[in-house]
Amino acid sequence: MASDPKKILQKIFATNRRILINHSISSIEINKSWKRILVVGSGNDPYRDLFGELTNYVRLDIVVRNEIVDVVADAHRMPFDDNSFDCIMAIEVFEHL
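For the sequence shown, the numbering used here assigns the number 4 to the initial residue and increments by one for each residue that follows.
Just so you know, these hints were derived from the structure itself, not from any lab.
Beta carbons: idealized from backbone N, C-alpha and C, even for Gly.
Keep in mind that a hint or two might mislead.
[To be verified] List of simulated lysine-lysine pairs, DSBU-like, C-alpha gap at most 35 Å:
#: 1; residue 1: Lys38; residue 2: Lys14
#: 2; residue 1: Lys14; residue 2: Lys35
#: 3; residue 1: Lys9; residue 2: Lys38
#: 4; residue 1: Lys10; residue 2: Lys38
#: 5; residue 1: Lys10; residue 2: Lys35
#: 6; residue 1: Lys9; residue 2: Lys35
[As the list claims (entries may be wrong)] Label-pair restraints from in silico Cβ distances:
#: 7; residue 1: Thr58; residue 2: Ser27; range: 25 to 35 Å
#: 8; residue 1: Asn69; residue 2: Ser36; range: 27 to 37 Å
#: 9; residue 1: Gly55; residue 2: Ala76; range: 23 to 33 Å
#: 10; residue 1: Asp52; residue 2: Arg20; range: 13 to 23 Å
#: 11; residue 1: Arg51; residue 2: His26; range: 11 to 21 Å
#: 12; residue 1: Asn19; residue 2: Asp84; range: 35 to 45 Å
#: 13; residue 1: Thr58; residue 2: Thr18; range: 31 to 41 Å
#: 14; residue 1: Asn59; residue 2: Asn19; range: 30 to 40 Å
Required output: the full structure, derived from the provided sequences and hints.
Have a look at this one:
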């Protein structure tokens, strides 16, 4: 599988903000038994490599990003039933709500 050149450049030339975010994210204990993950405000999907094999990895954002966003919706009114996911990630989102 070919690597995304943009993601490679972001790792090599990471901003201070990205370094701090990556450090914070790396402190999260990822439970390998999680099978359904929701990423709210997925943006360019920088968190996918945190998780191994998943049954369901859903990327939600308020804007359409072809082949990156699975569900386009407002985080205030998400179209999911309660208890639909094992983990919900919302990094760099709450300041927009």
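Hint-by-hint comparison with the structure:
1. Lys38 x Lys14: holds, 27 Å
2. Lys14 x Lys35: holds, 24 Å
3. Lys9 x Lys38: Roughly 28 Å separates the two Cα atoms, so the pair holds.
4. Lys10 x Lys38: Answer holds: Lys10 to Lys38 is near 25 Å, not above 35 Å.
5. Lys10 x Lys35: holds, 24 Å
6. Lys9 x Lys35: Between Lys9 and Lys35 the Cα gap is close to 28 Å, so the pair holds against 35 Å.
7. Thr58 x Ser27: 25 to 35 Å: Given about 26 Å between the Cβ atoms, the range holds.
8. Asn69 x Ser36: 27 to 37 Å: holds, 32 Å
9. Gly55 x Ala76: 23 to 33 Å: holds, 26 Å
10. Asp52 x Arg20: 13 to 23 Å: For Arg20 against Asp52, whose Cβ atoms are near 19 Å apart, the range 13 to 23 Å holds.
11. Arg51 x His26: 11 to 21 Å: holds, 18 Å
12. Asn19 x Asp84: 35 to 45 Å: Since Asn19 and Asp84 have Cβ atoms about 39 Å apart, the given range 35 to 45 Å holds.
13. Thr58 x Thr18: 31 to 41 Å: holds, 33 Å
14. Asn59 x Asn19: 30 to 40 Å: At 34 Å between Cβs, range holds.
Figure legend: structure checked against the earlier numbered hints; every hint is met.
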